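A.B. asks: Residue-level listing of the chains:
Protein chains: 2
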Amino acid sequence: MQKHISLDAIMAMDKQERVHFINSLGGFKSVSLVGTVAKDGKTNLAIFSSLIHIGANPPLIALIFRPSPPERNTLSNILETGFYTLNHINEAIYQQAHQTSARYEKEISEFDETGLTPEYKNDFKAPFVKESLVQIGMAFREKIDITINTTIMVIGEIAEVYFPEKCLSKDGFIDLEKANTITCSGLDSYHKTIQLDRLSYAKPNKELTSIL
Amino acid sequence: MQKHISLDAIMAMDKQERVHFINSLGGFKSVSLVGTVAKDGKTNLAIFSSLIHIGANPPLIALIFRPSPPERNTLSNILETGFYTLNHINEAIYQQAHQTSARYEKEISEFDETGLTPEYKNDFKAPFVKESLVQIGMAFREKIDITINTTIMVIGEIAEVYFPEKCLSKDGFIDLEKANTITCSGLDSYHKTIQLDRLSYAKPNKELTSIL
Numbered sequence: 000m001q002k003h004i005s006l007d008a009i010m011a012m013d014k015q016e017r018v019h020f021i022n023s024l025g026g027f028k029s030v031s032l033v034g035t036v037a038k039d040g041k042t043n044l045a046i047f048s049s050l051i052h053i054g055a056n057p058p059l060i061a062l063i064f065r066p067s068p069p070e071r072n073t074l075s076n077i078l079e080t081g082f083y084t085l086n087h088i089n090e091a092i093y094q095q096a097h098q099t100s101a102r103y104e105k106e107i108s109e110f111d112e113t114g115l116t117p118e119y120k121n122d123f124k125a126p127f128v129k130e131s132l133v134q135i136g137m138a139f140r141e142k143i144d145i146t147i148n149t150t151i152m153v154i155g156e157i158a159e160v161y162f163p164e165k166c167l168s169k170d171g172f173i174d175l176e177k178a179n180t181i182t183c184s185g186l187d188s189y190h191k192t193i194q195l196d197r198l199s200y201a202k203p204n205k206e207l208t209s210i211l
Numbered sequence: 000m001q002k003h004i005s006l007d008a009i010m011a012m013d014k015q016e017r018v019h020f021i022n023s024l025g026g027f028k029s030v031s032l033v034g035t036v037a038k039d040g041k042t043n044l045a046i047f048s049s050l051i052h053i054g055a056n057p058p059l060i061a062l063i064f065r066p067s068p069p070e071r072n073t074l075s076n077i078l079e080t081g082f083y084t085l086n087h088i089n090e091a092i093y094q095q096a097h098q099t100s101a102r103y104e105k106e107i108s109e110f111d112e113t114g115l116t117p118e119y120k121n122d123f124k125a126p127f128v129k130e131s132l133v134q135i136g137m138a139f140r141e142k143i144d145i146t147i148n149t150t151i152m153v154i155g156e157i158a159e160v161y162f163p164e165k166c167l168s169k170d171g172f173i174d175l176e177k178a179n180t181i182t183c184s185g186l187d188s189y190h191k192t193i194q195l196d197r198l199s200y201a202k203p204n205k206e207l208t209s210i211l
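In order, the protein sequences belong to chains A and B.
Here numbering that gives the first Met the number 0 is used: the first residue of the first sequence is 0, the next is one more, and so on.
Here numbering that gives the first Met the number 0 is used: the first residue of the second sequence is 0, the next is one more, and so on.
It is possible that some hints are incorrect.
Said to hold, decoys possible - Straight-line Cα separation of at most 35 Å, DSBU-like style, residue types lysine-lysine; simulated pairs: (1) Lys177(B) x Lys124(A); (2) Lys205(A) x Lys169(B); (3) Lys191(A) x Lys120(A); (4) Lys177(A) x Lys41(A); (5) Lys2(A) x Lys14(B); (6) Lys14(A) x Lys14(B); (7) Lys129(B) x Lys191(A); (8) Lys142(B) x Lys205(B).
Unchecked claim - Partner residues aside, some chain A positions facing chain B, computed with beta carbon under 7 Å: (9) Asp39; (10) Thr42; (11) Gly54; (12) His87; (13) Leu175; (14) Asn179.
What the hints contain is simulated information worked out from the structure, not anything from laboratory work.
The model shown is predicted, which means the values in this text are computed figures rather than measured ones.
Backbone N, C-alpha and C define an ideal beta-carbon position, used for all residues, glycine too.
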């Protein structure tokens with residue numbers, strides 16, 4: 000049976016029900032751990048499912064920040080230091096990754112609490128997550144205030160990328176399944192994937208073919 | 000073996016290689032068909048993997064538009080009429096969905112070319128995709144110019160939602176696997192999912208539990 004829900008019914012939901020419902024509706028999401036460090040050396044690690052590809056030239060990825068407390072360390076660290084890391088989540092660490100969403104005191108590092116390991120390398124200023132197989136070093140570029148609901152979009156440029164060599168295809172595509180990267184839906188549901196196919200570049204009046 | 004690539008090497012890639020590489024790096028993505036109609040009644044359908052949850056109250060989802068030609072019909076129709084639809088992609092229609100990315104002439108409707116069926120219902124002004132099991136009617140709210148690379152973010156408010164009743168959990172979560180919704184990576188890779196778990200709300204010093 001098909002169910003139909005209108006805006007009025009959405010607004011009449013209790014708050015947590017609406018949050019689960021709307022967060023599910025967007026579909027499966029990119030999910031990563033964002034690693035930062037404060038000026039005083041204190042590390043922070045937070046799970047984000049609001050990553051979005053902005054462009055390839057220059058290579059840009061954006062994150063959306065809510066105006067509420069849990070993510071404030073991440074945002075203030077990014078603005079203070081100018082650098083942060085994005086670390087893909089795999090099946091071995093998704094529970095630890097989810098635990099970073101707990102509201103820890105500011106003095107506490109989520110690395111310590113979850114047992115994930117901060118990894119500094121090649122003079123990059125922010126900590127990577129050692130257990131993550133796809134690690135991206137980001138340089139802050141722009142902050143955009145989304146006035147309609149007081150969220151904030153932070154755009155960063157990709158500075159460094161680490162990933163398993165076996166994942167890279169000749170055409171530049173990275174096979175994320177070979178890196179055990181997972182996806183999420185809603186606020187708390189984690190999923191591994193099974194590739195259906197890669198499809199050829201679409202042209203009018205031309206049959207698509209598999210490019211696997 | 001771990002591979003390390005820096006910005007210089009990314010910028011030295013050939014254009015298509017860089018596009019594949021950077022589009023893969025963000026992880027698995029939400030992917031939907033965006034349905035619109037022009038003032039003259041001509042329909043348009045385009046695949047987007049740049050959806051992002053902006054907030055639940057009010058319920059907002061954003062799309063990123065490139066400054067290039069293929070998506071111009073979608074954007075101009077949204078701005079002209081104020082309405083559009085987001086339609087989840089399932090295993091039965093992902094090839095047709097991918098085909099909508101071909102650069103058809105402006106007079107041609109991707110509905111006609113791909114065999115997907117426009118569905119008008121409950122007086123909503125934009126066409127849904129009949130073959131899609133999760134259909135969302137959107138009202139345009141805000142356009143934000145991302146000056147750093149001349150892309151455009153369009154924010155819409157969820158007005159109507161249609162989905163299979165069996166997908167809805169008590170707490171508001173929608174089980175997208177029951178709706179056969181798929182995800183994508185890179186420019187052309189499609190994936191179905193296998194749920195690992197749903198995890199309880201994380202709190203400091205409290206063990207996570209499965210809430211399936």
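A.B. asks: For each hint, tell me whether it holds in the structure or not.
C.D. replies: Hint-by-hint comparison with the structure:
1. Note on Lys177(B) and Lys124(A): the hinted pairing is violated, with a Cα-Cα distance of about 43 Å set against a maximum of 35 Å.
2. Between the alpha carbons of Lys205(A) and Lys169(B) the distance comes to roughly 45 Å, so the proposed pair goes past 35 Å and is violated.
3. Straight-line distance between C-alpha atoms of Lys191(A) and Lys120(A) comes to about 29 Å, which keeps the hinted pair within the 35 Å bound.
4. The suggested pairing of Lys177(A) with Lys41(A) holds, with an alpha-carbon distance near 33 Å, which does not exceed 35 Å.
5. This hinted pair does not check out: Lys2(A) and Lys14(B) have alpha carbons roughly 44 Å apart, beyond 35 Å.
6. For the hint linking Lys14(A) to Lys14(B), the alpha-carbon distance of about 45 Å lies beyond 35 Å, and the restraint is violated.
7. Between Lys129(B) and Lys191(A) the CA atoms are separated by roughly 28 Å; this keeps the pair inside 35 Å, and the hint holds.
8. A C-alpha spacing of about 42 Å is found between Lys142(B) and Lys205(B), which places the hinted pair above 35 Å, so the restraint is violated.
9. Proximity of Asp39(A) to chain B is violated relative to the hint, the smallest CB-CB distance being about 21 Å (cut-off 7 Å).
10. For the restraint placing Thr42(A) at the interface with chain B, the shortest Cβ-Cβ distance is roughly 16 Å, beyond the 7 Å limit, so the hint is violated.
11. Because the smallest distance between the Cβ of Gly54(A) and any Cβ of chain B comes to about 4 Å, under 7 Å, the interface hint for this residue holds.
12. The interface hint given for His87(A) holds, since its Cβ lies 6 Å from the closest Cβ of chain B, which is under the 7 Å cut-off.
13. Hint status for Leu175(A): holds, given a least beta-carbon distance of 5 Å to chain B, under 7 Å.
14. Look at Asn179(A): its Cβ only gets to about 11 Å from chain B, farther than 7 Å, so that hint breaks.
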